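As you go down the protein sequences, you meet chains A and B in turn.
Residue numbers for the first sequence, in the numbering used here: 120 to 552.
Residue numbers for the second sequence, in the numbering used here: 120 to 552.
No lab work stands behind these hints: they were computed from the structure.
This one's a predicted model, so the numbers in the text were calculated from it and none came from an experiment.
Certain hints may be false.
No copy labels: a pair is met if it fits in one copy or bridges any two.
[As the list claims (entries may be wrong)] Capping the alpha-carbon separation at 27 angstroms, the derived lysine-lysine pairs in DSSO-like fashion look like this:
1) K325 <-> K549
2) K456 <-> K325
3) K299 <-> K549
4) K537 <-> K350
5) K350 <-> K502
2 protein chains.
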Amino acid sequence: MGKKNVLVGQSGGPTAVINASLSGVIREGLAKSSHIGTVYGMVHGVEGFLEGWYLDLGKELSLEDLERLRVTPAAYLGSCRYKLPEDLSSQVYPLLFAKLQELNIGYFLYIGGNDSMDTVSKLSRYGAQRGSDICFVGIPKTIDNDLILTDHTPGFGSAAKYVASTVREIVLDSSVYRQKSVTIIELMGRHTGWLTAASVLARKEKQDNPALIYLPERAFSLEQFAQDVEKELERRRCVVVCVSEGIADSEGTFLCEYGDQKLASCLGRGLAASDSSNTKQAALDNFGHKMLTGCGKVLERFVRERFGVKVRSVEMNVSQRCSGMLASMTDIEEAEKAGQAGVSFALEEKTGIMVSFVRRENTEMYDLDFEAVDVNQVCNQEKTVPLSWIEENGNDIKEDYMDYVLPLIQGGVVLPMKDGVPDYLYRKVKFFD
Amino acid sequence: MGKKNVLVGQSGGPTAVINASLSGVIREGLAKSSHIGTVYGMVHGVEGFLEGWYLDLGKELSLEDLERLRVTPAAYLGSCRYKLPEDLSSQVYPLLFAKLQELNIGYFLYIGGNDSMDTVSKLSRYGAQRGSDICFVGIPKTIDNDLILTDHTPGFGSAAKYVASTVREIVLDSSVYRQKSVTIIELMGRHTGWLTAASVLARKEKQDNPALIYLPERAFSLEQFAQDVEKELERRRCVVVCVSEGIADSEGTFLCEYGDQKLASCLGRGLAASDSSNTKQAALDNFGHKMLTGCGKVLERFVRERFGVKVRSVEMNVSQRCSGMLASMTDIEEAEKAGQAGVSFALEEKTGIMVSFVRRENTEMYDLDFEAVDVNQVCNQEKTVPLSWIEENGNDIKEDYMDYVLPLIQGGVVLPMKDGVPDYLYRKVKFFD
């Protein structure tokens, strides 16, 4: 068998380290020149590849470029949110495989989250059906840390470091005045609270802010929240609360969907300038997902009406996932190794697998092994924060979580700077615009 | 005349470098031990000092503490938004001076913005009336950069560096998908656009995003905005727009106060799920200032209704002013020197002055002189971005601004880290809670 080529793509939301994984794939691919011809990159994932958008990354990127790629956030190749048809007899599959054949692809690597693992699963199953020898390998990526069968996911450590550090700064900021105040910080996390839980690391001492932390793993009760805030306002001047965007009540209604009538009924009285809505349907994004931002504003309004204190809500927004400046070096290194491991597994002719992180037990130092797990078991599953890591009353995080997350946020990055701002690597070739 | 003591306070909103100025005052005060006894710090500014809250900073802080203080954001001593009475015959003044006498204060230094310079002005005028020999000196501070008679203000450079770098990351983040999209970034700036203008530095090349930048210095027209966005959507896939929170139309109505009827009339048709408001009065904060956040959400809604493209708004929020991790080393050093210069001016028996930054002309390298200017001329004035630095159509920033701001954002900071997060200096003594 002659040399085959690698095809690598990025899919799903950006992270600080998805390009480090890409860098790992490229380096390892080019290093294995006895088995691998070159490394092609799909532009905008499978969706763009189907339109003929790809690059020869071996030609495209110099060694200096690869160094900068490693620390550049967001997705260098461009991303997509394309779902392959469930029906493997769809015409998309032979079309895609014809294109793979054209480029003499032997190894298909896809860096992404849940939906991207679904793509790897489908392609490997279709490949098996037609007796293809292409190896399909998934490389995990998500700030949400919600993939199963892996200790954690690349991207999470950097996001957690960003959240912990930034919440600490907001705590400092929020406490400069002597007035009593409540600050509500809304963090990313639709169904899982892994990232919001990292706000616990903002505390230097146990009694420090954030005083209250709520995750989607437990049903949120506005009444319980009011009691929690009241108690905190009695013992401290400034109360900082961290919440996941996806918190929902016991009936499954997202807090960001609470309308004025619902708030009024929780308050036991009308609101100033209220509308008549009980709940508001959250708007849908272009992929049909509910946009769940806004619970911070709902809670801000509730606290203002209920307690009459100074209150502010902060939606931490996209910097959580795309801040390269505060990336964790541990995360960058692991992401890159995940990319390298993906190529190694493919060369061992493993297919239909995802690179998994296994934390070594019984060692003094934190260290990882990289293993291959069945991608079919991973996709469309969701790993939540264990309930035993959340305080019983649902408003704080336990020590177990801290032991888990601390190694992942260690080490900082020194970025190439130009004119006082980070000199990230931009893709030269644009395929449209 | 025996040794006198220094009293220093912080006032107004937090910045990344207000503690660097404090560090400068303390170092210079303690260094001049032949003339100065010790350096006291007011806790929560004049307001807290009137209640008897102060610290002996010479005893409180070790040399190692001072190093950490220098890079810790927000206000170590606590801040206030206290305005002294206009009427100099108010009982507050003799009360305050009695307290100054008690501590044998010879030099009163106040680090703050506009309102704080007003405090320095009033105290120096009252002091002159009663023949006091206490020197009152203001040290400028504000991310808004809106003080007159100084080239720029400490705090602005770090905020500008944060904005430039973070907008660059959001631009990367916003462009990972192939779908057309508009991203609106709302930046701080109620009346002046100094900080929003720094988003121009996010571009690597002239044609890069952010494509459109709007400052409060020019009247904002929703119709013109629609035309600008339309034009940009024709030539690029992803359009990033930066706006100051305080943009207002030609009638002086803030965009954040635009209600659904107003939006509908600009669209020439009704909105989905609209209310009947023409304008909404912005809520007031606890100091009676209008809370001007929200224009990003208004523009997001407008763009969604008008163009039907994917749109997101990002309110950059308090991290602009309190991110120590992305502080500019130039800014930190200048802030510290401003503190030192304040002590020097006070020892020269200058009073009723503010430390001013004067940029040296006709030199190759950027460099500053520190001068004393009449604080009475500074307070209650506002410096806006020169209209000649803004493009005629009001949607972009000219080269002159870049020449002005670039030196201020140079150099990064290495923070003391512990457990993966910045190990900032916290005040040990709490006066209440």
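We went through each hint and held it up to the structure:
no.: 1; hint: K325 <-> K549; verdict: between (50 angstroms within a copy, 16 angstroms between copies)
no.: 2; hint: K456 <-> K325; verdict: neither (35 angstroms within a copy, 36 angstroms between copies)
no.: 3; hint: K299 <-> K549; verdict: between (52 angstroms within a copy, 14 angstroms between copies)
no.: 4; hint: K537 <-> K350; verdict: neither (49 angstroms within a copy, 30 angstroms between copies)
no.: 5; hint: K350 <-> K502; verdict: neither (32 angstroms within a copy, 44 angstroms between copies)
In this structure, the earlier hints numbered 2, 4 and 5 are contradicted, and the remaining ones agree with it.
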